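Novice: Given next are the chains, with one letter for each unit.
Number of protein chains: 2
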Amino acid sequence: MKIQPRTLSGFMELLPRQQMLMESIMRTLRETYALYGFTPLDTPLIEASEVLLAKGGGETEKQIYRFTKGESDLSLRFDLTVPLAKYVALHYGELAFPFRRYQIGKVYRGERAQRGRFREFYQADIDIIGDGKLDIANEAEIPAIIYQTFSRLGLRQFQIRVNNRKILNGFYEILGLTEQAGEIMRTVDKLAKIGPDKVNALLTGELGLSGEQAGEILRFIGITGANGEVLEALEGYRGRCDLFDAGLDELGTVVKYLAAFGVPEENFAVDLTIARGLDYYTGTVYETFMTNHPEIGSICSGGRYDNLAEYYTDKLLPGVGISIGLTRLFYVLNEQGMLNTEIAAAPADVLLLPMTDDLSPAIALATQLRGAGIRVQLYTEQKKFKAKMSYADKTGVPYVVFVGEDEIREGVVACKDMATGEQTKLDVARTLARIQDGLTKRRDGAVILE
Amino acid sequence: MKIQPRTLSGFMELLPRQQMLMESIMRTLRETYALYGFTPLDTPLIEASEVLLAKGGGETEKQIYRFTKGESDLSLRFDLTVPLAKYVALHYGELAFPFRRYQIGKVYRGERAQRGRFREFYQADIDIIGDGKLDIANEAEIPAIIYQTFSRLGLRQFQIRVNNRKILNGFYEILGLTEQAGEIMRTVDKLAKIGPDKVNALLTGELGLSGEQAGEILRFIGITGANGEVLEALEGYRGRCDLFDAGLDELGTVVKYLAAFGVPEENFAVDLTIARGLDYYTGTVYETFMTNHPEIGSICSGGRYDNLAEYYTDKLLPGVGISIGLTRLFYVLNEQGMLNTEIAAAPADVLLLPMTDDLSPAIALATQLRGAGIRVQLYTEQKKFKAKMSYADKTGVPYVVFVGEDEIREGVVACKDMATGEQTKLDVARTLARIQDGLTKRRDGAVILE
Chain A
878 MKIQPRTLSG FMELLPRQQM LMESIMRTLR ETYALYGFTP LDTPLIEASE VLLAKGGGET
938 EKQIYRFTKG ESDLSLRFDL TVPLAKYVAL HYGELAFPFR RYQIGKVYRG ERAQRGRFRE
998 FYQADIDIIG DGKLDIANEA EIPAIIYQTF SRLGLRQFQI RVNNRKILNG FYEILGLTEQ
1058 AGEIMRTVDK LAKIGPDKVN ALLTGELGLS GEQAGEILRF IGITGANGEV LEALEGYRGR
1118 CDLFDAGLDE LGTVVKYLAA FGVPEENFAV DLTIARGLDY YTGTVYETFM TNHPEIGSIC
1178 SGGRYDNLAE YYTDKLLPGV GISIGLTRLF YVLNEQGMLN TEIAAAPADV LLLPMTDDLS
1238 PAIALATQLR GAGIRVQLYT EQKKFKAKMS YADKTGVPYV VFVGEDEIRE GVVACKDMAT
1298 GEQTKLDVAR TLARIQDGLT KRRDGAVILE
Chain B
878 MKIQPRTLSG FMELLPRQQM LMESIMRTLR ETYALYGFTP LDTPLIEASE VLLAKGGGET
938 EKQIYRFTKG ESDLSLRFDL TVPLAKYVAL HYGELAFPFR RYQIGKVYRG ERAQRGRFRE
998 FYQADIDIIG DGKLDIANEA EIPAIIYQTF SRLGLRQFQI RVNNRKILNG FYEILGLTEQ
1058 AGEIMRTVDK LAKIGPDKVN ALLTGELGLS GEQAGEILRF IGITGANGEV LEALEGYRGR
1118 CDLFDAGLDE LGTVVKYLAA FGVPEENFAV DLTIARGLDY YTGTVYETFM TNHPEIGSIC
1178 SGGRYDNLAE YYTDKLLPGV GISIGLTRLF YVLNEQGMLN TEIAAAPADV LLLPMTDDLS
1238 PAIALATQLR GAGIRVQLYT EQKKFKAKMS YADKTGVPYV VFVGEDEIRE GVVACKDMAT
1298 GEQTKLDVAR TLARIQDGLT KRRDGAVILE
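Protein sequences, first through last, are from chains A and B.
Counted from 1, the first sequence has number 1106 at position 229 by this note's numbering; the numbering is strictly sequential.
Counted from 1, the second sequence has number 1219 at position 342 by this note's numbering; the numbering is strictly sequential.
Bound conformation, chain A alone (with noise of 0.2 Å):
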């Protein structure tokens, strides 16, 4: 009897081209990161139930898989910021401050399945935690990173929108709706779905709010522009609240520096309806959206936040961090069709098929390529020429080698281009200076086309 093979729903499972592509990112996102300064971290995906559900309650708990080991009661983690916060805690004595750092790893929740919703999931996350103290200039660089990862990744129709939580709190401070800001930025949140005119209504209705109160909010969110014509309408409201002023401060800090951390101002929008959750942040917020497909919601989001451990220790540890859910995103790439399958997609450059009983002088060659470097597969199954020309075609490999008796004699290897179908017959030297032209030709090109 055979055991039907499967793979669990909401669980991503790729083949081998596609896998490549995926590789090709998260190589790219561990790169970028490292550009920065970030140091990479590998905790473990089982954590004690008790660690993990600390801050507890709501989704997380319904969602998590959890079950007990033993007397032990155990839980597959669902973010990379809890384990995070307890590594913080836990090393506090052995880090250094500002500590940076990356992850990329997978995560589980137990969701209802559905087409493009996984329960197994790769986040990227970085983030940085200072000890007692975290100065803004470290909000200014995140939208650099965010700009250098979808860059080199390929993407260039995208924006960074970014806000500031006290600006927000701030200005419901003066509004004196300090106590509803939360259930206010909710109701905002739906602008870009139902219009201000049904927010309007919401506020009024629903939310109790003054026809002058709902006015002063809408006329607040409808601030647009570029970014110092944002900055110059928010100078307006200074000097009536401290906490707005310094969220006003922080923000134009973060756009100062933008151009000199190489950020093109299109890439780059102060957007006053990025709200990002309700407590946990407390500074810059960021969201980045596909400018031509806004459907897909943002890609890499985060902010600043006050406190990362506190259920874990008396330090204080502020911190600010943005995520991406490569899983998501790679799933959508694909079924958008951005995804650059010409690239390095096949497992070897070289495809080597011997065509004499000894092998020795092919494997010679395939010890040799190696050596400089060039991904080489030795093939050799008995099959007729034609099985093998198939095998790599379906492969995909950019270059086939043969090494026969006449070439052998000759001191030559014939090798054929699979993409232009030209076959040549050089001595090794020259063989392999033609393959490495053609590989660094082909390696230009980012994973994601737009």
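Rather than coming from a laboratory, the hints here were simulated on the basis of the structure.
Note that this is a predicted model, so its numbers are computed, not measured.
Zero decoy hints are in this set.
When chains are identical, the list treats them as one kind, so a pair holds in a single copy or across two.
In silico lysine-lysine, DSSO-like type, Cα no more than 27 Å apart, as pairs:
#	residue 1	residue 2
1	Lys1265	Lys1293
2	Lys1260	Lys1302
3	Lys1192	Lys1261
4	Lys932	Lys946
5	Lys1260	Lys1293
6	Lys1302	Lys1318
7	Lys1010	Lys1265
8	Lys1010	Lys1263
9	Lys1271	Lys1302
Fit chain B to the known structure of chain A by using the hints.
Specialist: Same frame as chain A, now just chain B:
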């Protein structure tokens, strides 16, 4: 009330510097496997228990992390072979054979926790799967991959020991001991530990073999020497059993191609005591030992098998594969002080210290250096100079760059080499060249030191 932060026992969680070394090892493995045409694979950590336990029974079921979520009976993978079998059976029609894949991933076994034993650990596997058949040249290539992998990691004193199950099974067939072969091999396996006399006593005692049979066995496993000598001695048994003869031919082929594959004689030995389990392997088997640390046991093992996915499909899928227990290897290397802490263990190449109120010039310099591939951390916290330099020491960053009013006016930057203490004031281009030069020299080192 605070929750005590902790990491579960049996779960490795590294500090940043060690994590960097682990990343370096993983990068070397990925690059080496890719050179041989292996494609990366990533499968879910959770599978349906029915699928994962298709083979069932034994230690596996006791150690497995198994739980229910909703109505699903789920398990964490305990190795990477069963998920590979599922993957190949499930995606059979979409793969090109031979299918060569590598996978570096975490697996879970609820073993009793003790020093150096892990419940969550990385395995690094490569396998080559054929469709119906698989040529012996693939088995001959494996020692080359093992040799390259450990050489690139910096290991020198290691030996790949190889045997062939057909030779063993054929030999016991010649002696008329086929049914007892399993028990005999388990006993013979103790040779290095308990010596030939005690093995002889066990064979003639517990196992009830004749003195003559035991003598034949001890003579056989006593065949040692250079590869050519061992093969010659084995020729003396030829012609008495087809299975033995086939195994001897295969072993001869593996040895024949070693030189062409670039494996030095001293890193390879035919070893008739290597057996590797009883049922699964059917051809060449491999173990790898650190010559100066035999107590560690094999650090890379595997072999040829005839039927990868028999529990899922009628397709005959023979293969050959090897596995490195990466977490344990890392633990052991660390314990032995064999990890090279000199190499790239800092999260950044340059710590950039702005000495001006306006950070723009420092940020622009950071952006420029990053554009040249230098990993730069901008340090903007309001701390005393001494605290900043102590941060540089703690993170191990090799260069500190200062940008002050004087430097900006003179068009230079100050750069301190933290290893030598030498400080330069040069323009950006020359500072960059100096840093790049120094980094190139640093990166020469391998991650393992012997």
